[in-house]
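Asker: Residue-level listing of the chains:
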Amino acid sequence: MKAVITVLGCDRIGIIASITGILAKTNVNILDISQTIMQNIFSMIMLVDLSGMNCEFSKLSELLTKVGEELGVEVRLQREEIFTRMHRI
Amino acid sequence: MFNGNEILETIYMISQENLDIRTITMGISLRDCASDSARTSCRKIYDKISRYAQNLVKTGEDIERDFGIPIINKRISVTPVALVAESSDADNYAVFAKAMDDAAKNVGVNFIGGFSALVHKGYTKGDALLIKAIPEALSTTERVCSSVNLATTKTGINMDAVKEMGLVIKECAERTRDRGAIACSKLVVFANAAEDNPFMAGAFHGVGEPECVINVGVSGPGVVASALKNLKGADLGTVAETIKKTAFKITRMGQLVAQEASSRLKVPFGIVDLSLAPTPAIGDSVAHILEAMGLERCGAHGTTAALALLNDAVKKGGVMASSYVGGLSGAFIPVSEDAGMIDAAICGALSIEKLEAMTCVCSVGLDMIAVPGDTPASTLSAIIADEAAIGVVNNKTTAVRIIPVPGMKEGDVVEYGGLFGRAPIMRVNPFSAEEFIQRGGRIPAPLQSLRN
Numbered sequence: 015m016k017a018v019i020t021v022l023g024c025d026r027i028g029i030i031a032s033i034t035g036i037l038a039k040t041n042v043n044i045l046d047i048s049q050t051i052m053q054n055i056f057s058m059i060m061l062v063d064l065s066g067m068n069c070e071f072s073k074l075s076e077l078l079t080k081v082g083e084e085l086g087v088e089v090r091l092q093r094e095e096i097f098t099r100m101h102r103i
Numbered sequence: 059m060f061n062g063n064e065i066l067e068t069i070y071m072i073s074q075e076n077l078d079i080r081t082i083t084m085g086i087s088l089r090d091c092a093s094d095s096a097r098t099s100c101r102k103i104y105d106k107i108s109r110y111a112q113n114l115v116k117t118g119e120d121i122e123r124d125f126g127i128p129i130i131n132k133r134i135s136v137t138p139v140a141l142v143a144e145s146s147d148a149d150n151y152a153v154f155a156k157a158m159d160d161a162a163k164n165v166g167v168n169f170i171g172g173f174s175a176l177v178h179k180g181y182t183k184g185d186a187l188l189i190k191a192i193p194e195a196l197s198t199t200e201r202v203c204s205s206v207n208l209a210t211t212k213t214g215i216n217m218d219a220v221k222e223m224g225l226v227i228k229e230c231a232e233r234t235r236d237r238g239a240i241a242c243s244k245l246v247v248f249a250n251a252a253e254d255n256p257f258m259a260g261a262f263h264g265v266g267e268p269e270c271v272i273n274v275g276v277s278g279p280g281v282v283a284s285a286l287k288n289l290k291g292a293d294l295g296t297v298a299e300t301i302k303k304t305a306f307k308i309t310r311m312g313q314l315v316a317q318e319a320s321s322r323l324k325v326p327f328g329i330v331d332l333s334l335a336p337t338p339a340i341g342d343s344v345a346h347i348l349e350a351m352g353l354e355r356c357g358a359h360g361t362t363a364a365l366a367l368l369n370d371a372v373k374k375g376g377v378m379a380s381s382y383v384g385g386l387s388g389a390f391i392p393v394s395e396d397a398g399m400i401d402a403a404i405c406g407a408l409s410i411e412k413l414e415a416m417t418c419v420c421s422v423g424l425d426m427i428a429v430p431g432d433t434p435a436s437t438l439s440a441i442i443a444d445e446a447a448i449g450v451v452n453n454k455t456t457a458v459r460i461i462p463v464p465g466m467k468e469g470d471v472v473e474y475g476g477l478f479g480r481a482p483i484m485r486v487n488p489f490s491a492e493e494f495i496q497r498g499g500r501i502p503a504p505l506q507s508l509r510n
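The listed protein sequences correspond, in order, to chains A and B.
15 is the number of the first residue of the first sequence in my numbering; add one for each residue after it.
59 is the number of the first residue of the second sequence in my numbering; add one for each residue after it.
Misleading hints may appear alongside valid ones.
Straight-line distance between alpha carbons at most 30 Å, and here's what the computed BS3-like set of lysine-lysine pairs gives [stated by the list, open to error]:
{"#": "1", "chain 1": "A", "residue 1": "Lys16", "chain 2": "B", "residue 2": "Lys290"}
{"#": "2", "chain 1": "B", "residue 1": "Lys163", "chain 2": "B", "residue 2": "Lys179"}
{"#": "3", "chain 1": "B", "residue 1": "Lys373", "chain 2": "B", "residue 2": "Lys212"}
{"#": "4", "chain 1": "B", "residue 1": "Lys212", "chain 2": "B", "residue 2": "Lys190"}
{"#": "5", "chain 1": "B", "residue 1": "Lys373", "chain 2": "A", "residue 2": "Lys80"}
{"#": "6", "chain 1": "A", "residue 1": "Lys73", "chain 2": "B", "residue 2": "Lys302"}
Listed below are several chain B residues computed to face chain A (Cβ distance under 10 Å; list not exhaustive) [claimed, not checked]:
{"#": "7", "residue": "Gly62"}
{"#": "8", "residue": "Ile72"}
{"#": "9", "residue": "Lys102"}
{"#": "10", "residue": "Asp124"}
{"#": "11", "residue": "Thr213"}
{"#": "12", "residue": "Lys307"}
{"#": "13", "residue": "Met311"}
No lab work stands behind these hints, which were simulated from the structure alone.
Owing to the predicted nature of the structure, the values given are computational and were not obtained by experimental measurement.
Virtual Cβ for every residue (Gly too), placed ideally from N, Cα, C.
If we strip away everything but chain A, and leave its shape as in the complex, we get (with noise of 0.2 Å):
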């Protein structure tokens, strides 16, 4: 099962080190990540294979939102599919 985490919010130090360092935890490997940061506002895509992961899904998404919360950004969990689905015949 493949997901997309998004990162939205102000740029700054250590949120690349911060999911990553929760995607290890969970053994989550990372298939493709970009980021662009616009107007000051910093945006990340990042998908992953969940098939790996050590925990729920909803755990993961948990501790997702709470790194968020912590650097300021809005971090997202989503299956892949919704983005796939809405976009692609």
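Here the structure of chain A is known, so what remains is to put chain B in place on it, guided by the hints.
Answerer: Chain B only, in chain A's frame:
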């Protein structure tokens, strides 16, 4: 691989433009819950709903979390209760509403639809008892919704039922006068009712439906409105094209959620209802879409044409995005539940007559309209008759959900809060239809019903 802009577009639609799945509605057949004892029948109804829907709310919440899309309501529709209650010894069917309400509370859904009767050609004993019980049922329960289908293109209009429903609505209002006649907001009078409609208050599980089914209603007026804001000055062909593309994307979400819910609950997927359902939230209004097309206010001349374009484009965009489309599938125009409609009614741009014209080209009908408390029952019946005629002649579903608020007059505003919003009391034509309504009988099916 994935495209960053597309991902951000989806996230923006959800977080900024109120894109959501409006409802996952589980349809449950109660046909095997009939019994000669009302007590036994009510117990069977309670047990069956509790058993079938025990995981509905949790599954909805799981899907919401996994995909990051809000699912606003989880609801239940059941077989029209008149059909189930009819075999019983009960002479007051309010006990069945109580059983439905208790079951809905038990499984945690906010509404349960199906305290209903289908009387388009005439009443059975059970239909008559059910309609009689509607005011008590809706004023003593919290979550039960009721509907009555009193006309179809095939059968014409049952004017005896039209006459009675005017009185039933008045009694519903009277019994809940201390709560702004809230009972009326849970009662829909239909022509050509859809058997698989997932939206309340008019949802019921039709007789041709399977044992249990999942229907999904999508929403997203805010997404359409903001797509149009970028199109200032573009011609209407471009407008239609943009609405189509947006509707496609919205509906794909509905299809995904419907399939997911169906497989997790192990219940067959019925339909996706392609409706634009507004809420009182800012940025979630159908009226604002029409205004984004260039009308100063919803209700201005041109509104019917703009709505026709919108309704058609939503269907064209949505139909390819879902494998099974059904229900009401069209833009809703409930006055009290749409910030733009409320403003338009308050400033005098929108009248009941204009709304009636608008219902010719969209789903569903005169919806959540508050009128003065002293409106005669025969006038309410006449409003129902007009809507039914539009539905019957045009082969479409129409409905009336009207609220004569006791003690209120034109210009007042009744506040409900939550999804029901607030309703300005609208002007009703003061001339009488009493004699016409008193005639009763049945208006014959129109020529267009003879298709064979």
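Asker: Each hint: holds or not?
Answerer: Structure-based check of each hint:
1. A C-alpha spacing of about 39 Å is found between A:Lys16 and B:Lys290, which places the hinted pair above 30 Å, so the restraint is violated.
2. For the proposed pair B:Lys163 and B:Lys179, the alpha carbon gap of about 34 Å is over 30 Å, so the pair is violated.
3. About 24 Å separates the Cα atoms of B:Lys373 and B:Lys212, which keeps this hinted pair within 30 Å; it holds.
4. Under the criterion of a C-alpha separation no larger than 30 Å, the hint pairing B:Lys212 with B:Lys190 is consistent with the structure, at around 26 Å.
5. Between B:Lys373 and A:Lys80 the alpha-carbon distance is near 40 Å, which puts this suggested pair outside the 30 Å criterion.
6. Restraint check: the Cα-Cα separation between A:Lys73 and B:Lys302 comes to about 38 Å, which exceeds 30 Å; the hinted pair is violated.
7. Evaluation of the B:Gly62 hint against chain A yields a held restraint, the C-beta minimum of about 5 Å falling below 10 Å.
8. This hint holds: B:Ile72 has a C-beta 9 Å from the nearest C-beta of chain A, less than the 10 Å allowed.
9. At its closest, the beta carbon of B:Lys102 sits 35 Å from a beta carbon of chain A; the interface hint therefore is violated under the 10 Å criterion.
10. Hint status for B:Asp124: holds, given a least beta-carbon distance of 5 Å to chain A, under 10 Å.
11. Given hint, B:Thr213 at the interface with chain A, is violated; its Cβ is 41 Å from that chain's nearest Cβ, farther than 10 Å.
12. With 10 Å as the threshold, the beta carbon of B:Lys307 comes within range of chain A, its nearest partner Cβ sitting at about 5 Å, so the hint holds.
13. Because the smallest distance between the Cβ of B:Met311 and any Cβ of chain A comes to about 6 Å, under 10 Å, the interface hint for this residue holds.
In this structure, the hints that do not hold are numbers 1, 2, 5, 6, 9, 11, in rising order.
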